[in-house]
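Work the whole structure out from these sequences, hints included.
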Amino acid sequence: MASVKNLKKDINYVLSGIIEECYVWQMLQEDTKKSDKAEKIIDEAITTFDELIEKVNTKKVENKKTHFKGINTELQTKSKALLAKIEKL
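Each residue of the sequence shown is one higher than the last, beginning at 38 in the numbering used here.
There may be inaccurate statements among the hints.
What the hints assert, rightly or not - Taking lysine to aspartate or glutamate pairs in the EDC-like style, the calculated list, with each CA pair at most 20 angstroms apart, reads: (1) Lys46 with Asp87; (2) Lys115 with Glu67; (3) Lys46 with Glu111.
Because the hints were derived from the structure by calculation, they are not lab data.
All values reported here derive from a predicted model rather than from experimental measurement.
Pasting the structure below:
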């Protein structure tokens with residue numbers, strides 16, 4: 038882990054990319070009922086962003102290195118799950 042600043046940038050970059058994919062998918066849909074499915078994924082991505090940033094900003098951590106590695110791993114698993122949901126749309 039290089040720095041907390043880079044971890045925050047990674048979280049922002051990955052989750053904003055997922056949200057952007059949802060918006061693109063919505064624009065390509067003619068049926069508005071289908072676009073509601075993408076809204077749920079967007080909401081989940083925003084919630085994930087808030088949770089991860091809150092974990093990054095936690096000050097009382099015993100072992101910072103393992104804490105930040107855990108956050109990075111959680112980012113990867115949650116982003117893969119969100120991308121899988123987008124693929125199922």
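Against the structure, the hints come out as follows:
Taking the CA atoms of Lys46 and Asp87, the gap is near 13 angstroms; set against the 20 angstroms cutoff, the hint holds. Of the pairs offered as hints, the one joining Lys115 and Glu67 is violated, with about 29 angstroms between alpha carbons and a cut-off of 20 angstroms exceeded. Proximity of Lys46 to Glu111 is assessed by CA-CA distance (about 15 angstroms); at most 20 angstroms being required, the pair is judged to hold.
Consistency note: the structure conflicts with earlier hint 2 alone.
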